[in-house]
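Protein chains: 2
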Amino acid sequence: MKFEMMTAAQMQELYQSLIQHYSDCKAQNLKLNMARGKPAASQLDLVNDMLTCLTSAEECMCDGIDARNYGELAGMPAARRYWADILDCLPEQTFVGGSSSLNLMFDVISRAYTHGLLNSVRPWCKEETVKFLCPSPGYDRHFKVTEFFGAELITVPMTPEGPDMDVVEDLIKDPTVKGIWCVPKYSNPDGIIYSDVVVRRFAELKPAAPDFVIMWDNAYCIHEFEGEYVKLPNILDLCEQAGNPHMAIEFASTSKVTFPGAGISVIASSKENITYLTKLFGIQIISHDKINQMRHVKYLKNKEHTLEIMKRHASELAPKFRVVSEALEREIAPYGFANWNRPKGGYFVSLNTMPGTAKRALALCSDAGVTMTPAGATFPYGKDPQDSNIRIAPSFPPVEELEKAMDIFCTCLKLAVLEKLLNV
Amino acid sequence: MKFEMMTAAQMQELYQSLIQHYSDCKAQNLKLNMARGKPAASQLDLVNDMLTCLTSAEECMCDGIDARNYGELAGMPAARRYWADILDCLPEQTFVGGSSSLNLMFDVISRAYTHGLLNSVRPWCKEETVKFLCPSPGYDRHFKVTEFFGAELITVPMTPEGPDMDVVEDLIKDPTVKGIWCVPKYSNPDGIIYSDVVVRRFAELKPAAPDFVIMWDNAYCIHEFEGEYVKLPNILDLCEQAGNPHMAIEFASTSKVTFPGAGISVIASSKENITYLTKLFGIQIISHDKINQMRHVKYLKNKEHTLEIMKRHASELAPKFRVVSEALEREIAPYGFANWNRPKGGYFVSLNTMPGTAKRALALCSDAGVTMTPAGATFPYGKDPQDSNIRIAPSFPPVEELEKAMDIFCTCLKLAVLEKLLNV
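Those protein sequence lines, which keep their order, are chains A and B. Residues are numbered in my numbering as their position in the first sequence, beginning at 1, plus a constant of 26. Residues are numbered in my numbering as their position in the second sequence, beginning at 1, plus a constant of 26.
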């Protein structure tokens with residue numbers, strides 16, 4: 027029965043039984059973690075062959091280049107070809123980096139501040155004001171990069187098709203608005219795929235700032251765990267067709283393909299952007315780890331074979347997302363105070379509970395040994411104006427632990443709402 | 027016979043025979059490279075076991091941490107212990123990074139500009155002027171990092187014991203002087219080891235700028251190719267004793283221990299500095315490649331075993347430095363117009379030829395197919411005021427090629443000087 031149909035006495039009764047269950051759970055002294063999009067050890071075991079796939083000096087040679095030595099700042103040509111295959115662009119449109127795409131994003135924003143991007147009139151640090159658009163709920167680490175450099179973060183609402191483009195199109199008339207963060211496939215945390223229309227509207231933006239940048243973090247570009255690979259319209263091609271060839275900078279990595287934090291990362295953009303950024307990056311590094319690049323090329327081969335490997339990951343992840351979905355359907359849906367998404371890829375479930383109760387629910391979780399992403403983290407400055415959004419990351423715990431964690435989570439969600447309704 | 031003792035006719039005769047030899051060399055269409063401190067393929071072969079030393083998930087576990095997953099921003103504890111052993115400090119005094127120590131240095135300077143160092147009153151970008159001391163000849167990539175951020179580069183002369191400390195002690199009275207670049211062991215390119223007195227004077231500096239930083243790039247800390255390991259006084263300890271605990275930031279990497287550009291890097295400094303920098307670095311990355319860290323720990327083990335591996339490298343490098351030294355003794359010494367060092371470690375020989383002839387000599391080299399580090403590169407802004415210093419990097423070519431390259435190089439050196447003396 028929905029809470030709104032219950033009498034106070036019925037709610038009181040439910041509250042008492044939940045409190046009892048909650049204190050039983052607490053007594054178990056559990057330590058469960060649904061905070062971060064971290065694969066489980068058993069999932070990593072599926073790609074352990076990575077450790078032994080490159081074993082000789084000969085295998086480090088490609089195109090006459092020895093991956094064991096300095097050189098090739100933009101990456102091994104074979105690695106650039108690999109990413110061009112995955113992201114459907116030209117090898118010259120890629121820069122293959124080290125183990126972290128976040129670091130590449132940081133470096134782009136950092137350099138925008140200190141030196142400016144390709145089309146900047148001046149470095150952003152010389153601007154009076156820099157504003158950055160943050161579709162929310164979104165990824166906290168993105169928001170923090172721009173916050174770190176003093177940008178004013180502007181919340182843009184998310185819709186089931188992606189960021190609200192009416193709002194975006196209006197905001198970019200302001201020349202101090204310098205860019206936007208996007209996770210176009212299985213967005214973090216909403217798990218939606220931007221619609222073709224939204225992608226096209228992005229490519230066709232006419233921002234007042236000449237150096238407006240779309241930070242297109244394609245983190246989950248091949249990360250389906252249910253159904254077949256979904257093709258997203260190519261933002262780089264569409265930008266070029268729309269006369270905005272340098273506006274989008276795309277990022278991706280193999281952190282959730284091989285090993286998190288030990289993969290390879292990539293920037294894809296116009297050739298001019300890659301040339302510009304490569305020149306800037308030449309000040310800080312001679313070349314990234316090309317042996318690891320060759321290891322990845324050897325193991326992942328090409329897009330087709332990579333998609334096969336992603337099916338292994340899917341076999342680990344799908345049951346976990348099912349646990350989340352079934353628990354929410356069973357424990358939360360009947361009470362009608364929350365809604366959530368049912369993603370087919372990515373690493374998150376985004377849930378919106380009754381406004382004003384998210385923080386309290388997660389505090390209850392924490393006291394019972396269940397760690398979640400802090401409430402508010404999915405909004406700029408860590409502040410959810412509604413105190414409603416919660417990000418669930420079910421990938422790390424084994425299924426049995428996840429079931430326990432979801433039981434506690436659902437209990438805490440209901441408790442927090444009942445506390446509010448009953449004014450406890 | 028020294029040039030200064032020759033008659034014009036004698037010089038003319040020598041010049042003609044050199045021109046003939048030079049044009050014979052040119053006709054061979056050689057392509058030889060003595061430009062960069064790049065190990066030869068045969069040297070890299072000595073450490074190929076690196077590729078196969080870590081093969082299982084179990085080997086990725088250490089101290090209960092799975093190197094295959096996200097986490098441990100400051101590095102695997104085992105990797106921090108490894109570096110603490112090498113650099114003679116505590117594990118908590120280290121931050122283990124990715125494949126490039128240059129990138130760590132860049133990040134420190136970059137963050138000094140945008141956010142400030144531990145003891146900064148304000149970020150350096152908010153200062154009217156920032157000056158940085160560059161002992162010269164020195165490493166071009168160091169100088170370029172500070173130039174990139176708009177610092178005014180001040181040349182400090184090198185002596186056989188290190189930077190001229192009288193000059194340094196005078197310059198740091200200026201509060202806009204924010205730091206100094208140092209390569210304390212087998213300095214690039216002079217190949218000297220800073221004397222104990224110089225290291226101590228560094229630690230005891232009392233700079234006017236509270237956030238003055240000694241960028242202590244210990245790139246060749248274990249890189250002897252002749253004789254036994256030489257212990258350098260510990261700058262971090264001495265700084266602490268002198269009441270300057272946060273003034274020095276030390277850097278090192280395994281780029282010339284295992285594979286260049288695919289090794290692991292480290293920052294060592296006071297615990298407070300490491301805490302401060304780790305917090306800043308947390309914005310840009312979740313964690314560096316810990317699998318590669320474990321691979322290195324497994325292969326290199328500890329300082330003692332690493333020094334054994336360095337003897338293998340020495341066996342490759344020593345004969346090459348001998349070729350350089352013998353060619354210079356035979357071909358250049360008799361003419362008395364140049365001097366050079368005879369290092370026992372590192373990757374370079376630094377030669378000072380007759381002022382005003384270095385650029386011309388290297389242009390002649392280039393035309394005959396021998397690539398050298400550009401003349402001037404060892405000075406701020408790439409400008410050697412004397413046009414005299416030349417950096418020779420003999421590590422890359424095989425010995426036979428190196429002999430040819432040195433023959434051409436010596437020929438070009440003499441030609442350039444004779445052109446000047448004869449006014450050709």
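Treat the hints as calculated values from the structure; they're not laboratory data. Since we're looking at a predicted model, the values are computed, not measured. One or more hints might be untrue.
Pairs involving identical chains hold if they fit within one copy or between any two copies, as the list cannot separate such chains.
Unchecked claim - The calculated BS3-like cross-link candidates involving lysine-lysine, where the alpha carbons are at most 30 Å apart (straight line), are: (1) Lys28 x Lys329; (2) Lys152 x Lys305; (3) Lys52 x Lys370; (4) Lys305 x Lys57; (5) Lys430 x Lys409; (6) Lys329 x Lys52; (7) Lys446 x Lys324; (8) Lys430 x Lys157.
So, going through the hints one by one against the coordinates:
no. : hint            : in the structure
1   : Lys28 x Lys329  : neither (47 Å within a copy, 67 Å between copies)
2   : Lys152 x Lys305 : both (21 Å within a copy, 25 Å between copies)
3   : Lys52 x Lys370  : neither (32 Å within a copy, 65 Å between copies)
4   : Lys305 x Lys57  : between (47 Å within a copy, 26 Å between copies)
5   : Lys430 x Lys409 : within (28 Å within a copy, 67 Å between copies)
6   : Lys329 x Lys52  : neither (46 Å within a copy, 48 Å between copies)
7   : Lys446 x Lys324 : neither (56 Å within a copy, 55 Å between copies)
8   : Lys430 x Lys157 : neither (42 Å within a copy, 59 Å between copies)
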